[in-house]
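Asks: Put together the whole structure using the sequences plus the hints.
2 protein chains.
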Amino acid sequence: MSSFSPIHIDNPDWIDLLVDWDRHYVSDENKMRLAIALSRENVLRGTGGPFGAAIFDTHFGTLVAVGVNSVVRLNNCTLHSEMVAIMMAQARLGCFTLREKNASTYELVTSCEPCAMCLGAILWSGVRRVVCGAYRDDARHLGFEEGPVFPESHAYLKARGVEIVYGVQRDAATAVLELYRLKGGLIYNG
Amino acid sequence: MSSFSPIHIDNPDWIDLLVDWDRHYVSDENKMRLAIALSRENVLRGTGGPFGAAIFDTHFGTLVAVGVNSVVRLNNCTLHSEMVAIMMAQARLGCFTLREKNASTYELVTSCEPCAMCLGAILWSGVRRVVCGAYRDDARHLGFEEGPVFPESHAYLKARGVEIVYGVQRDAATAVLELYRLKGGLIYNG
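Residue numbers (this note's numbering), protein chains in the order written: chain A, 70 to 259; chain B, 70 to 259.
Possibly wrong hints are sitting among the right ones.
What the hints assert, rightly or not - Anything over 10 Å on all C-beta distances counts as not near chain A; from chain B, calculated:
1) L113
2) G115
3) A160
4) Y204
5) G230
6) R250
Claimed, not checked - Going by beta-carbon spacing under 8 Å, a handful of chain A positions derived as facing chain B:
7) F73
8) I76
9) I78
10) Y94
11) S96
12) V141
13) N145
14) I155
15) M157
16) G163
17) C164
18) G189
19) F219
Said to hold, decoys possible - So the derived label-pair ranges between C-beta atoms look like this:
20) A:R168 - B:P75: 24 to 34 Å
21) B:W83 - A:L113: 40 to 50 Å
22) B:W83 - A:A224: 52 to 62 Å
23) B:K252 - A:L251: 51 to 61 Å
No wet-lab data here; the hints were simulated from the structure.
Every residue, glycine too, gets a C-beta built ideally from N, C-alpha and C.
Replies: Written as C-alpha cells, this is what we have:
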C-alpha cells in the first residue's frame with residue numbers, strides 16, 4: 070500500500086449562487102446576515118450542519134472567504150464552517166496567517182460560537198476579531214457538543230488581542246439550528 | 070469573482086520512503102518511534118514543523134494514516150500533524166468519525182501533546198486513545214504556543230472516554246524540537 074491521494078476540501082457548488090463576492094459589508098449585522106444565510110442554505114440544500122462562517126477584511130469590509138459545515142459531506146470531522154473559512158482565506162492569500170497581511174486585519178463572522186477546535190484554530194489563524202451569532206448553549210440545546218471550552222478559553226484569546234463579540238442576530242442564527250432539528254438533521258458529534 | 074478552487078491536503082512525497090504500511094505495531098513505544106521519525110524527517114527535509122502523528126487500529130496494531138505538520142508548506146494554520154492524520158484516516162475509512170468503525174477502535178499517537186485546536190479535533194475524531202511524546206511545556210520552551218489548554222481540557226476528554234497517555238519517549242521527541250531550533254526553524258504561531 071502506498072500513501073494516500075490528496076484530500077480535497079471545497080464548499081458546495083451552490084455557494085456562488087448565494088454569495089456576492091464584490092459587495093462591501095459595512096456592519097456586523099450585514100456580515101452576520103451572510104454567515105446565517107450560508108448556514109440556512111446548507112440546511113435547506115442538505116449539504117451539512119447548520120453552521121456558516123465568513124472572513125472579511127476589517128478595514129475595507131470586503132469578503133475574503135466563506136465556509137459552511139462540511140463534516141458529513143466530506144467525511145472530515147475537522148470541517149466546521151470556521152475551519153473551512155480559515156483554510157479558504159489562507160489559501161486565497163497564500164499565507165498560513167491572516168495577521169496583518171498586506172497591512173490589513175481580518176475578522177471571522179460565524180453563525181454560532183466556535184467549539185474548542187475552532188477557538189484554537191482562530192488563535193492560529195491570525196484573525197483579530199470574531200463575531201458570533203448563536204450562543205454555545207443554543208447549539209448544545211440542539212444536541213451539538215462544543216468540547217472543552219471554558220470562560221478562560223475566551224479570556225485566553227482576548228489576552229492575545231482577539232476581540233470576540235457575542236449574540237449578533239442570535240434569534241436568526243438560532244432559527245437555523247431549529248430548522249435543522251425540524252428536518253431531522255444528523256447530530257454528528259453528539 | 071467566483072468561488073475558489075478546492076484545497077488539496079497531502080503529506081510530503083517522502084512519507085512512503087519512511088513508512089512501512091504493512092507493519093504491525095505492538096507497543097506504544099513502537100508506535101511513538103514512528104511518530105517521532107515522522108517529526109524528525111519533517112525537520113530534516115525542511116517540509117514543516119517538528120511534529121508527527123499516526124493513527125492505529127488499536128486491536129490489530131495496524132497503521133491507518135500518518136500526518137506531519139504542514140502549516141507552512143501548505144499555507145494552512147490548521148494543518149498540525151494530528152489534524153492531517155485525522156483527516157487522512159477519515160478519508161481512508163470514508164467516515165467522519167473513527168468511533169467504533171468496523172468494530173475497531175482507533176488511537177492517535179503524536180510526537181507532542183496536542184494544542185487546543187487538536188484536542189478539540191481529537192474529541193470529534195472518535196479516537197479512543199491518545200499517546201503523547203513531548204510535553205506541552207517542551208514545545209512552549211521552543212517558542213510554540215499551545216493555545217487555551219487547561220487541566221480541565223484533558224479531564225473533559227477523559228470524562229468522554231478518551232484515554233490520554235503522556236511522555237512516551239519524551240527525550241527522543243524533545244530532541245527533534247531541539248533539532249528544529251538548531252536549524253533555525255520558523256516558529257509559525259509564536
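Asks: None of the hints should be skipped; say for each whether it holds.
Replies: Outcome of the hint check:
Look at L113 (chain B): its CB is around 18 Å from the nearest CB on chain A, clear of 10 Å, so calling it non-interface holds up. With a least CB separation of 15 Å from chain A, G115 (chain B) remains clear of the 10 Å interface cut-off, as annotated. The Cβ of A160 (chain B) sits about 5 Å from the closest Cβ of chain A, inside the 10 Å cut-off, so the non-interface label is violated. At roughly 18 Å from the closest C-beta of chain A, the C-beta of Y204 (chain B) stays outside 10 Å, upholding its exclusion from the interface.
Against the 10 Å criterion, G230 (chain B) stays outside the reach of chain A, whose nearest CB is about 13 Å from its own CB. Every CB of chain A is more than 10 Å from the CB of R250 (chain B) (nearest about 19 Å), matching its label as outside the interface. Residue-level restraint check for F73 (chain A) holds (minimum Cβ-Cβ distance to chain B is 6 Å; threshold 8 Å). For I76 (chain A), the shortest C-beta to C-beta distance to chain B is roughly 4 Å, which falls under 8 Å, so the interface hint holds.
Among the interface hints, the one on I78 (chain A) holds; its C-beta lies about 4 Å from the nearest C-beta in chain B, closer than the 8 Å criterion. Annotation: Y94 (chain A) was flagged as interfacial toward chain B, and the flag is violated, the nearest CB pair being 15 Å apart, outside 8 Å. Interface restraint check: S96 (chain A) against chain B, minimum CB-CB distance 22 Å, threshold 8 Å, status violated. Taking 8 Å as the C-beta cut-off, the interface hint given for V141 (chain A) holds, the closest approach to chain B being about 6 Å.
Checking N145 (chain A) against chain B by beta carbon gives a least distance of about 6 Å; that is within 8 Å, so the hint holds. A cut of 8 Å between beta carbons decides the hint on I155 (chain A): the least distance to chain B is about 6 Å, and the hint holds. Nearest Cβ of chain B to the Cβ of M157 (chain A): about 6 Å, under the 8 Å cut. The hint holds. A least Cβ separation of about 6 Å between G163 (chain A) and chain B falls short of the 8 Å threshold, and the interface hint therefore holds.
Against a cut-off of 8 Å between C-beta atoms, the interface hint on C164 (chain A) holds, since the closest Cβ of chain B lies about 6 Å away. Hint status for G189 (chain A): holds, given a least beta-carbon distance of 3 Å to chain B, under 8 Å. A distance limit of 8 Å between C-beta atoms decides the matter here; for F219 (chain A) the minimum to chain B is near 6 Å, and the interface restraint holds. Hint check: R168 (chain A) to P75 (chain B), Cβ distance near 25 Å, so the stated range 24 to 34 Å holds.
At roughly 44 Å, the beta-carbon separation of W83 (chain B) and L113 (chain A) lies within the given 40 to 50 Å, and the hint holds. A hinted range of 52 to 62 Å for the beta carbons of W83 (chain B) and A224 (chain A) is inconsistent with their spacing of about 41 Å. In this structure the hint that K252 (chain B) and L251 (chain A) lie 51 to 61 Å apart at CB holds, the actual value being about 55 Å.
When the structure is compared with the earlier hints, violations turn up for hints 3, 10, 11, 22 and for no others.
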